[in-house]
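*Asks:* One-letter residues, chain by chain:
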Amino acid sequence: MTQALARLQTGVPGLDAVLGGGLVIGASYILQGHPGAGKTIFANQIAFKTAEKGSKALYVTLLAETHERLFQALGTLEFFDISRLGIDVTYVSVFQTLRDEGLSAVVKLIRQEIARQGATLLVFDGLLNARDRADTQLDVKTFVAEVQSQAAFVGCTVLFLTSSRIAEESPEHTMVDGVIDLHNELSGVRAVRRLQVKKSRGTAALGGHHQFEITSDGVAVFPRVEALLAHTSVPDHAPTGSVSSGTGGFDALVGGGLPEGSVSLVFGPSGSGKTSLGINFLSLATQEQPALHFGFYETPARLRGKAAALGVDFEGLIKNGALEMIWNPMTENLLDKLGHRLLDAVRERGVKRLLIDGLGGFERGAVYQPRMVEFFAALTNELRALNVTTITTWELRDLFGPTVTAPGSEISSLLDNLVMLRHVEIGSRYKRTVSVLKVRDRAFEPIIHEIGFGPGGMEVRAALELVAGAATGLAQGPA
Amino acid sequence: MPLIVIAEDEFLLADVLSIMLEDAGYEVASASHGKAALTLVKQKLPALVITDFMMPLMTGLELAQAMRADATLSSIPIVLVSGAQGSIGRAHPEVFDAVLDKPYREKTLIATVAGLIGNR
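The listed protein sequences derive, respectively, from chains A and B. Okay, so the first sequence: first residue is 1264 according to my numbering, each after it adds one. Okay, so the second sequence: first residue is 17 according to my numbering, each after it adds one.
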């Protein structure tokens, strides 16, 4: 029988998931990274969150920087609570003890301090300084071993903070239970913060890089969606129901409404009706079957205006809780932050009707493009398992032309239903058309139809007259 | 030259404090935690003690309380210098003669010290 290890929840959003449940109580970790990588904020956030839960944290430094300056910097962060200082989060400097009496005196002092404070978390900031001071590598190895074994005896978890100049084969790495590596690197012109659990003894951590950010709320980690949701959080099922699209005549095209819990891609060039189709879809939101608009392009204010012009009262739906709109400006986004924001919003309100406008917003947020297939696979699997009926949009680059660039073919295959919207020029007139290319496990109407706007907003009208080449937008007369 | 004992775990602050006091004409002895400071105070019977609050092994408050409980030390003036725990110090006027919040001005510190030593 396997035994689960007792955990200390870090209070850093996302970090516990990466660590497989939190820090192991009584274990010791190296938290390493270059200056500015975020080590101090990580460690302090964990210390204050530990204190909030009624435990005590001891923060031992070997740094030249005064604690006062540290507190000034931490004072700008939400988790920092000056009233806890010296009560349940205590900072002591052992620099003079090290200078005057050496490492073994520091070990002794730490042992006495842990007992005196009743600390369940020890942060030791400045392992590198200890190395500088040690006469041989053996000294630091002994130091780490002694500190961690003394802490383990009283169930105290240890974080050793250090700049990342400690080699992986060094004795410190060998001895501790876990190594967490923090990185701040450039990707193109933007800076990206990343975390990697390099070692995690006796527990499965989510490997690879995970993005994190530091804001006034402190640190938040965004586990890679495809790693965290390698398997869906709830078992998938096979729903058989249908969900109305809200666009007159459209449900008949897709065989009687969109399959419940399916993911559809609506693609077409700018102005072809993607947003109108989306507004219709969201107009059927109810308190029992709530909807979410997760968009990148238009602000909620503009969308409310657009919906009102089409006779749809988004304002009212938002007020009674049937609809939520989350706008993610297309600036510097983090792919996994977007993914988690979407899934959190879906879970929080039990969303059943989701519009993502559009997939391109996620692609732009990716620092490493090749993972988009895995990302979308995990995201769409989770949405299906949560029984969310989803419409996503994709903007075609060319208004007209023979090349129809849907998102990569691998991504298209992850989607259940494909719908194309186009402008077609026939006899010097533009006609808006809709065609259904795929509906998973269901017969559908393979004929291109015209779309128009009536009193109820956008609607599907008659089948398009017989022309060839309509799919490219360049009709060539009667077929 | 009156002797002042400093109890401060952060070496930068201890160093700066020592230099300021020496420049002002005092003799200085410092300890890096409360326990060492108490030993030093018993040995040297200084004219005044300046202590930090958060220190290993013994806080500034515990140091001051130990001194007040000891008949030979109880009349030595004690100044608490602290950032976050100034309010704790002010809540114990029976043990601290003065409380200075970090960061403090050199002038304020020297004036406080001179006032307390001159009073005795």
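Don't take every hint at face value.
To be verified - Calculated cross-link-like contacts (lysine to any residue; reagent style SDA-like; alpha-carbon spacing at most 20 angstroms):
no. : chain 1 : residue 1 : chain 2 : residue 2
1   : A       : K1569     : A       : A1467
2   : B       : K51       : A       : A1336
3   : A       : K1319     : B       : K118
4   : B       : K118      : A       : A1336
5   : B       : K51       : A       : K1569
6   : A       : K1600     : A       : R1634
7   : A       : K1461     : A       : G1451
8   : B       : K58       : B       : M74
No wet-lab data here; the hints were simulated from the structure.
*Asks:* Which of the numbered hints are not met once you compare them with the structure shown?
*Replies:* 1, 2, 3, 5, 7
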